[in-house]
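**Student:** Each chain, written out:
Number of protein chains: 2
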Amino acid sequence: MISLIELEPNAKEPMYQQIYRALTSQIMGGTLKEGEYLPSKRVLCDTLNVSHSTVESAYALMLAEGYIESIPRKGYRVLRILALPDETETSLAENSQHLPEDDSSNQSDDFSISRQKLSFSTSSVETASFPFDSWARLYRETLYTYPGLLEKGDGQGDLELRESLCNFLSEYRAVRCTPDQIVVGAGASYLLDLIMKLMPERKAVGVESPGYPGVFKAGHFLGRDIVPISLDDQGISVKELYTHPEVRLCFTTPSHQFPTGVTMSIGRRSELLLWARQADAYIIEDDYDSEFRYQTRPTPALQGIDTKDRVIFLGTFSRSIAPSIRIAYAVLPRPLANRYRKVFRGYDCTVSRLEQQVLSRFLNSGGYSRHVRRTTRIYKERKEYLEKRLLDAIPGASISGSDAGLHFLLHLSGTDRETLLHKAKEEGLSLMSLPGSEAVLVIGFAGIVPEKADQMVSLLAGAVRCAGQSEDTDLLN
Amino acid sequence: MISLIELEPNAKEPMYQQIYRALTSQIMGGTLKEGEYLPSKRVLCDTLNVSHSTVESAYALMLAEGYIESIPRKGYRVLRILALPDETETSLAENSQHLPEDDSSNQSDDFSISRQKLSFSTSSVETASFPFDSWARLYRETLYTYPGLLEKGDGQGDLELRESLCNFLSEYRAVRCTPDQIVVGAGASYLLDLIMKLMPERKAVGVESPGYPGVFKAGHFLGRDIVPISLDDQGISVKELYTHPEVRLCFTTPSHQFPTGVTMSIGRRSELLLWARQADAYIIEDDYDSEFRYQTRPTPALQGIDTKDRVIFLGTFSRSIAPSIRIAYAVLPRPLANRYRKVFRGYDCTVSRLEQQVLSRFLNSGGYSRHVRRTTRIYKERKEYLEKRLLDAIPGASISGSDAGLHFLLHLSGTDRETLLHKAKEEGLSLMSLPGSEAVLVIGFAGIVPEKADQMVSLLAGAVRCAGQSEDTDLLN
Chain A
1 MISLIELEPN
11 AKEPMYQQIY
21 RALTSQIMGG
31 TLKEGEYLPS
41 KRVLCDTLNV
51 SHSTVESAYA
61 LMLAEGYIES
71 IPRKGYRVLR
81 ILALPDETET
91 SLAENSQHLP
101 EDDSSNQSDD
111 FSISRQKLSF
121 STSSVETASF
131 PFDSWARLYR
141 ETLYTYPGLL
151 EKGDGQGDLE
161 LRESLCNFLS
171 EYRAVRCTPD
181 QIVVGAGASY
191 LLDLIMKLMP
201 ERKAVGVESP
211 GYPGVFKAGH
221 FLGRDIVPIS
231 LDDQGISVKE
241 LYTHPEVRLC
251 FTTPSHQFPT
261 GVTMSIGRRS
271 ELLLWARQAD
281 AYIIEDDYDS
291 EFRYQTRPTP
301 ALQGIDTKDR
311 VIFLGTFSRS
321 IAPSIRIAYA
331 VLPRPLANRY
341 RKVFRGYDCT
351 VSRLEQQVLS
361 RFLNSGGYSR
371 HVRRTTRIYK
381 ERKEYLEKRL
391 LDAIPGASIS
401 GSDAGLHFLL
411 HLSGTDRETL
421 LHKAKEEGLS
431 LMSLPGSEAV
441 LVIGFAGIVP
451 EKADQMVSLL
461 AGAVRCAGQS
471 EDTDLLN
Chain P
1001 MISLIELEPN
1011 AKEPMYQQIY
1021 RALTSQIMGG
1031 TLKEGEYLPS
1041 KRVLCDTLNV
1051 SHSTVESAYA
1061 LMLAEGYIES
1071 IPRKGYRVLR
1081 ILALPDETET
1091 SLAENSQHLP
1101 EDDSSNQSDD
1111 FSISRQKLSF
1121 STSSVETASF
1131 PFDSWARLYR
1141 ETLYTYPGLL
1151 EKGDGQGDLE
1161 LRESLCNFLS
1171 EYRAVRCTPD
1181 QIVVGAGASY
1191 LLDLIMKLMP
1201 ERKAVGVESP
1211 GYPGVFKAGH
1221 FLGRDIVPIS
1231 LDDQGISVKE
1241 LYTHPEVRLC
1251 FTTPSHQFPT
1261 GVTMSIGRRS
1271 ELLLWARQAD
1281 AYIIEDDYDS
1291 EFRYQTRPTP
1301 ALQGIDTKDR
1311 VIFLGTFSRS
1321 IAPSIRIAYA
1331 VLPRPLANRY
1341 RKVFRGYDCT
1351 VSRLEQQVLS
1361 RFLNSGGYSR
1371 HVRRTTRIYK
1381 ERKEYLEKRL
1391 LDAIPGASIS
1401 GSDAGLHFLL
1411 HLSGTDRETL
1421 LHKAKEEGLS
1431 LMSLPGSEAV
1441 LVIGFAGIVP
1451 EKADQMVSLL
1461 AGAVRCAGQS
1471 EDTDLLN
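Sequence order for the protein chains is A and P. Under my numbering, think of the first position of the first sequence as 1, with each following residue one higher. Under my numbering, think of the first position of the second sequence as 1001, with each following residue one higher.
Derived by calculation from the structure, the hints in this document are not laboratory data. These numbers were taken from a predicted model, which means no experiment stands behind them. Glycine included, C-beta positions come from ideal geometry on N, C-alpha and C. Treat the hints with caution; some may be incorrect.
Facing chain P, a subset of chain A residues (Cβ under 10 Å, in silico) [what the hints assert, rightly or not]: (1) Ser25; (2) Gln26; (3) Gly148; (4) Glu151; (5) Gly187; (6) Ser189; (7) Asp193; (8) Lys217; (9) Leu222; (10) Gly223; (11) Ile226; (12) Ser318; (13) Pro335; (14) Ser352.
Chain A extracted, bound-state conformation:
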């Protein structure tokens, strides 16, 4: 039952926010239980003596975040409590992005998603093992030892960071470059936009399909023609690229294709590079999660085997450090780098110089490699546990694309996709799936600890069973 709410009319915090906080904490605290109804807006207005719009906003916010649901002619009912840590919940009011299912990779038409509270998100990562101490120490250190940092920095990013990146990339990714080829930016989407702006004459952009939805959007904003290129078990279809002479820029994820998880074969890589030379095209190699490999050694980057300045290498620290620290980088072929300095001359780098320097020192000190090794072990355990549970619980299920990265594909042959998504949604389970009638699910495991895995697997297994049974009836409708 709802307990007394005390409001401070003179507090800085808006009234609607105070009400929101009071009610949600009662829900999180268990005072307000799942299934209970909240007082009607009118009643709450009178009790608290606040305007209708104030209560309106508070309820709207809670609805938006899935604390409550609106039952026609009955009122607002408390929903299942979110399985996320308190601070994330309460601090991120109004935040939709923090819910895994608002992962930008859910934005594509190529995916069908049900938006509920439990999800195999591809964007959440293990942050508990983040090296808080060294990061905070480095930040403080940087601030004191290098006050010049507060001045305007280099538009391409601080030289120190670009040097650290060069060393790191040559050691771990066999990427060959010099600091003048690197552009640091606040996220891969930002850099994608920048890269396309650098080549207005390349109107048609080839994109893996299914692929990373961010490219579709970036291209759309700049009036580019997005040309979907299909995939096979070796990666993007180069044959198909040859049938699109207008395409002279192609986006690809060779190390661990998003979302299929396919690693591009060495043969396909050279075919792709050959195409780029013959078509006078640039390849954007998005290396978004190659740090994490579980069986094989990391495949060297396309950029490293390219000898004709055809590859733009794109890297990010969103997955390997934390999504909230917005640092990504692009390695441009020299001609493009020179063009960048002309076209974007005078532009500021979009990343705080303080965090650029912290990252640079983090890379140089070896702290980053240690962190990646540590988290890779954690991810490997989570992955293997989840794989085993899934295969045990779901007869006929199979898994692919799990050698690297933070997600794999779960193939449920014979299960109707639409029906499954529908059933899963009823169970409060958010699923991302590939297009097609048979269910192929994209399973992100980075944030799935064993307990959560057990819960979600049984939910999923249940949904698969129902889907199997109800399939025929569904098909009749």
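Place chain P on chain A using the hints.
**Tutor:** Then chain P, alone, in the frame of chain A:
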């Protein structure tokens, strides 16, 4: 005189790029001299036997980068060379971070700049008095008390920061908004790009001329038509806006016009708002440096007196905290904010959540207001000292636009602009000036301590004297 251009039709490099390279290198090399006219597009097409659009693009690029200016009914004239030091031209662009004149406000066609080591840059700020301790403490605090921060955040920016901004804006700028209207982003340029992407249907963008060059470039990248709108002593000419019915988005800097320093009169503000309603247009109010006022009280923001959701308010902390901490924000009218959430759903905020939280706490603790008050005192002293020295040292000089912000205009009536810039460059002094034959200089004072002021003023005074003497002879050529 222009010398032969050799093109390689089969080269990777697009033709327009080749032409661009050939011509700019002739300018940099001195073959094409300042003041000379380029061949007309038609002539060049015929000579090189290329399409009109090819030459068109090459000239457009040179215009955008300030190599040439377009003279009505006469053609394209070579501007003063942007004498970037060689290393900046080649691969060592990183050095450019030490050149104050890599200020983005040097990129406009409206400005002619010589690039040397000494400069009255408009982008440098006082960083010595930065509250290192509290900032570092807040960062550490944030990191420990709030590990959830490492998770993916709200695309609009963390709620805490957006709430702090609402309170701050209503208290100091009379801006009325709620957190859901605010979008946090890595710099004003980034947000300008985002705002234009939000309104693809508004192709024509009105821009104060002379004005902030960033808008010209942002518009150029997105294929918008930039419509220069002239200014008078009260601000942007609303009359002129009415003569451009196609313009339904207008960029303006009412508090302290960049670069003229004019503060838009109250009368003009209401005219502008009336225009926006009648034309169903949006106004982008860039409030880039209004924190700093020396005589009058800050004029309330346009956004605050607008009652019809016509104003997009744009603010930044680059000048009030530090250029290297990339945090800016836009306040969108509700309809636009809703549109933003649809169009950019799933996009990540480009600012590190850690620094978002630090800034939020910095604002709430009053630390920010204290910092602004402290630096305002410092800037007032520097400004008054520099003003006095300039007026003492240069007979007939006058100053305008110095009530607010971090720069003012120095009018040198009777001094020929081109000659002065030339002389100043010889003295190793970088000057930014308004277009026109008489010299009107843009003087940024934020980074000019007294000793530096003495040195630069005497250099400038010397250059003015020389310019005065040599003017006649120059005019004879």
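**Student:** All the hints need checking, so say for each whether the structure fits it.
**Tutor:** Each hint, compared with the structure:
1. Ser25: violated (16 Å)
2. Gln26: violated (20 Å)
3. Gly148: Hint holds; Gly148(A) Cβ to chain P Cβ min 8 Å, cut 10 Å.
4. Glu151: The hint holds - Glu151(A) has a Cβ within 10 Å of chain P, the shortest such distance being about 6 Å.
5. Gly187: holds (6 Å)
6. Ser189: holds (6 Å)
7. Asp193: holds (8 Å)
8. Lys217: Cβ of Lys217(A) sits 8 Å from chain P, so the hint holds.
9. Leu222: holds (7 Å)
10. Gly223: holds (6 Å)
11. Ile226: This interface hint is violated because 16 Å lies over the 10 Å limit.
12. Ser318: holds (8 Å)
13. Pro335: With a minimum Cβ separation of about 7 Å from chain P (threshold 10 Å), the hint on Pro335(A) holds.
14. Ser352: holds (5 Å)
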